[in-house]
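K.L.:
Those protein sequence lines, which keep their order, are chains A and B.
Final position of the first sequence in numbering that gives the first Met the number 0 is 418; the numbers increase by one with none missing.
Final position of the second sequence in numbering that gives the first Met the number 0 is 418; the numbers increase by one with none missing.
Be aware that a few hints might be false.
Calculated cross-link-like contacts (lysine-lysine; reagent style BS3-like; alpha-carbon spacing at most 27 Å) [to be verified]: (1) A:K126 / A:K168; (2) B:K25 / A:K168; (3) B:K339 / B:K98; (4) B:K168 / A:K25; (5) A:K115 / A:K126; (6) A:K231 / A:K337.
Calculated directly from the structure, the hints in this document are not laboratory data.
These figures come from a predicted structure and were not determined experimentally.
Protein chains: 2
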Amino acid sequence: MSVAAAANQHPASATETDPESLGWMKGFPPAPDRTVAFQDGSFRSFPELRWAWSNIRQLVPTVNVWRGAGPASVLSREDQDIGAVASVTMDGRPMTFAKMLEETYADGIAVLHQGKLIYERYFGALKPHKPHIGMSVTKSFTGVLAGILVTEGRVDPQAPVTDYVPELKASAFGDARVHEVMDMTTGLEYTEVYTDRNSHVWGLRRANGMAPIPPDYDGPTTIFDFLVAQKKQGEHGKAFAYKTVNTDVLAWIIRRASGMTLSDLLSERIWTPMGAEEDAHYHVDRIGTESGGGGLSTTLRDLARFGETMRNHGRFNGRQIVPSSVVEDIARGGDPEKFKPAGYTTLPGASYRNQWWVTHNAHGAYMARGVHGQGIYVDPKAEMVIARYASHPVAGNAANDPVTLPAYMALAKALTAGG
Amino acid sequence: MSVAAAANQHPASATETDPESLGWMKGFPPAPDRTVAFQDGSFRSFPELRWAWSNIRQLVPTVNVWRGAGPASVLSREDQDIGAVASVTMDGRPMTFAKMLEETYADGIAVLHQGKLIYERYFGALKPHKPHIGMSVTKSFTGVLAGILVTEGRVDPQAPVTDYVPELKASAFGDARVHEVMDMTTGLEYTEVYTDRNSHVWGLRRANGMAPIPPDYDGPTTIFDFLVAQKKQGEHGKAFAYKTVNTDVLAWIIRRASGMTLSDLLSERIWTPMGAEEDAHYHVDRIGTESGGGGLSTTLRDLARFGETMRNHGRFNGRQIVPSSVVEDIARGGDPEKFKPAGYTTLPGASYRNQWWVTHNAHGAYMARGVHGQGIYVDPKAEMVIARYASHPVAGNAANDPVTLPAYMALAKALTAGG
Numbered sequence: 000m001s002v003a004a005a006a007n008q009h010p011a012s013a014t015e016t017d018p019e020s021l022g023w024m025k026g027f028p029p030a031p032d033r034t035v036a037f038q039d040g041s042f043r044s045f046p047e048l049r050w051a052w053s054n055i056r057q058l059v060p061t062v063n064v065w066r067g068a069g070p071a072s073v074l075s076r077e078d079q080d081i082g083a084v085a086s087v088t089m090d091g092r093p094m095t096f097a098k099m100l101e102e103t104y105a106d107g108i109a110v111l112h113q114g115k116l117i118y119e120r121y122f123g124a125l126k127p128h129k130p131h132i133g134m135s136v137t138k139s140f141t142g143v144l145a146g147i148l149v150t151e152g153r154v155d156p157q158a159p160v161t162d163y164v165p166e167l168k169a170s171a172f173g174d175a176r177v178h179e180v181m182d183m184t185t186g187l188e189y190t191e192v193y194t195d196r197n198s199h200v201w202g203l204r205r206a207n208g209m210a211p212i213p214p215d216y217d218g219p220t221t222i223f224d225f226l227v228a229q230k231k232q233g234e235h236g237k238a239f240a241y242k243t244v245n246t247d248v249l250a251w252i253i254r255r256a257s258g259m260t261l262s263d264l265l266s267e268r269i270w271t272p273m274g275a276e277e278d279a280h281y282h283v284d285r286i287g288t289e290s291g292g293g294g295l296s297t298t299l300r301d302l303a304r305f306g307e308t309m310r311n312h313g314r315f316n317g318r319q320i321v322p323s324s325v326v327e328d329i330a331r332g333g334d335p336e337k338f339k340p341a342g343y344t345t346l347p348g349a350s351y352r353n354q355w356w357v358t359h360n361a362h363g364a365y366m367a368r369g370v371h372g373q374g375i376y377v378d379p380k381a382e383m384v385i386a387r388y389a390s391h392p393v394a395g396n397a398a399n400d401p402v403t404l405p406a407y408m409a410l411a412k413a414l415t416a417g418g
Numbered sequence: 000m001s002v003a004a005a006a007n008q009h010p011a012s013a014t015e016t017d018p019e020s021l022g023w024m025k026g027f028p029p030a031p032d033r034t035v036a037f038q039d040g041s042f043r044s045f046p047e048l049r050w051a052w053s054n055i056r057q058l059v060p061t062v063n064v065w066r067g068a069g070p071a072s073v074l075s076r077e078d079q080d081i082g083a084v085a086s087v088t089m090d091g092r093p094m095t096f097a098k099m100l101e102e103t104y105a106d107g108i109a110v111l112h113q114g115k116l117i118y119e120r121y122f123g124a125l126k127p128h129k130p131h132i133g134m135s136v137t138k139s140f141t142g143v144l145a146g147i148l149v150t151e152g153r154v155d156p157q158a159p160v161t162d163y164v165p166e167l168k169a170s171a172f173g174d175a176r177v178h179e180v181m182d183m184t185t186g187l188e189y190t191e192v193y194t195d196r197n198s199h200v201w202g203l204r205r206a207n208g209m210a211p212i213p214p215d216y217d218g219p220t221t222i223f224d225f226l227v228a229q230k231k232q233g234e235h236g237k238a239f240a241y242k243t244v245n246t247d248v249l250a251w252i253i254r255r256a257s258g259m260t261l262s263d264l265l266s267e268r269i270w271t272p273m274g275a276e277e278d279a280h281y282h283v284d285r286i287g288t289e290s291g292g293g294g295l296s297t298t299l300r301d302l303a304r305f306g307e308t309m310r311n312h313g314r315f316n317g318r319q320i321v322p323s324s325v326v327e328d329i330a331r332g333g334d335p336e337k338f339k340p341a342g343y344t345t346l347p348g349a350s351y352r353n354q355w356w357v358t359h360n361a362h363g364a365y366m367a368r369g370v371h372g373q374g375i376y377v378d379p380k381a382e383m384v385i386a387r388y389a390s391h392p393v394a395g396n397a398a399n400d401p402v403t404l405p406a407y408m409a410l411a412k413a414l415t416a417g418g
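Given the sequences, and given the hints that come with them, work out the whole structure.
P.N.:
This is how it looks when you write it as structure tokens:
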């Protein structure tokens, strides 16, 4: 607890908060001051979350994403010691790739170059076979699944959302189009301020099972009930605004269009053909609905496999898993003018397209991003994919980007020069 | 709900309560009268439990039992249509093997003869790759893990329980020996009456995470706190009395003796070397403790692999997984005189040894048994193993035994004659 108290002033470092050396959840039973639990909310505190994000399944109900019965696809290896690759942070400090990982509380990092795994490290409570929660990285999987259904003609981006989910008629989504939830350009009253417990995102968390529900709570206790209650504010289609409920609506469209749960669809369309090494899982609400906006946990290597699938225009493990048009549409990006008003100072000139963040930098890099520093970074020009899990004390990528993004771009440059 | 109401008079049949055809948890969201949830306790109602026992992970937090990175061991097949094998129930009705499965709400059955899978069927909500909860079948895994540690000299059956768990000093287990919890001959106030919500077993369920905790509840909310509060009644070592807390104490002894969680120990000692096909999982309490007395879910085939490991004196997948002495000690059985007072009319002459039920019949069969009809039946003489998952409406094997046991013995006889 003294560690947590100190964190309120200046977060303790990754080394100081290593869940293994601190002994979180060690012993039978673990000591009260080393116990991480759901009901008391401690799993969201720092440094408890450094254990929790690698152990979601022990905290909340989940549904499996089966990897199928086949062998795992081979990730060929060609170790390169890239830890010393130098960069300069956005605020001008000299940095190395290895120091970047420590400074941004990485739990694991896997770097692929030209399809080969050149660097893989684990920290904190993460192990190669253990799933780590991706949080908003989940959204990028949801977007790709939606894209697959679009190419099959089962989802029409121009159609009203209510064509798929008529129950949303009276909600904010009653006059929204599918592409507006894909690109998050809906106008919603909903707010997503992680540090404010009165923000709507906390209502979503109570509804989707990732926050305890107080005994006298009379708000929605399922994702569906939460979505139906969303109110409109402003106009749809005008500007990007990052709001997780869009992805949960998109996930609902996917379920209705495919007739499948999100977990079964991900298993059938991606996890099995990709030759994932381990099952993944989503946390679910009280009636078994996956959190399509934030609930996916995967191993680091399987996250890397998915990133590599994207880099290869949807092809991996000897087959076309995602239609290339879906990948290219994402890589091309959205409208930077609609993105600009959102004010992401660490992402100048970027856009948001079908649940992916597109840099529009010289390498055409695009990203999946989770709020504690989880992510996939695909750099087509450098033929590089970075998959990363993390448990940064600050919920917001403004805390990671100034250190991680220059390091990624420096690595891309070094690999391009070396190749 | 009309189905459930009908069940109170005369339980609807397995076909009538098939969770797939009834549409339990189908649709997005599922209809209110087809929703199975934890918080409202509906997962324990019939026929809801027919869905729930194959989907525990969606209802409660769990911890994974990793199968390792290797290939699954091969279960060679030699299909035999044994469905028509005839038997006579204990109450004199003619029966067939196939009809027995229907009448006792089997969710899946796998029969091995001389190491070959000769019969495998799935019903209800179960699929080959999905784990089903074993409930008290879990105990037999805990017993075998304890047996392994005994042969390694890390657990002494003659030692006081408090040598391993000193915190139990003031509890009923304060003057108990390890072998008394292994064989369930402790004298405890604790009662295990599944149909009586005031029975202590319901307190254990609230503590271990398998029953909702009412808002004003002031009882123990972790397994450990529940065990520490147990009171003695009668004498230890005199008679067998089936009480799950013994197994939870044994699980605690195992954790302390091995320094490992039950899930990691099961993974390392059995699941990985056995070449399990899928990960298993335990449900956990609010602080991550596995229910060692009832929380294990496995696939049917992996349950069959474990049964075959036992039949082969601990050898499977090309290696000695369980020391043969552990298996032989179980197969030899306990003291039928200590078992008799418990009054199991369907198990005349039987005994209980290290968390297994030993028939002492002419074939020397022994069993792992779960309360809704889950089980492993090992028949050494017939070289037969039956693994079975079920969701019988009645919580108690007195509802299964009169139909299942004669069918198992008839099949054993038929296979012996045929070989």
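K.L.:
So, for every hint listed, does it hold in this structure?
P.N.:
Hint check:
no. : hint            : verdict
1   : A:K126 / A:K168 : violated, 45 Å
2   : B:K25 / A:K168  : holds, 22 Å
3   : B:K339 / B:K98  : violated, 31 Å
4   : B:K168 / A:K25  : holds, 22 Å
5   : A:K115 / A:K126 : holds, 20 Å
6   : A:K231 / A:K337 : holds, 18 Å
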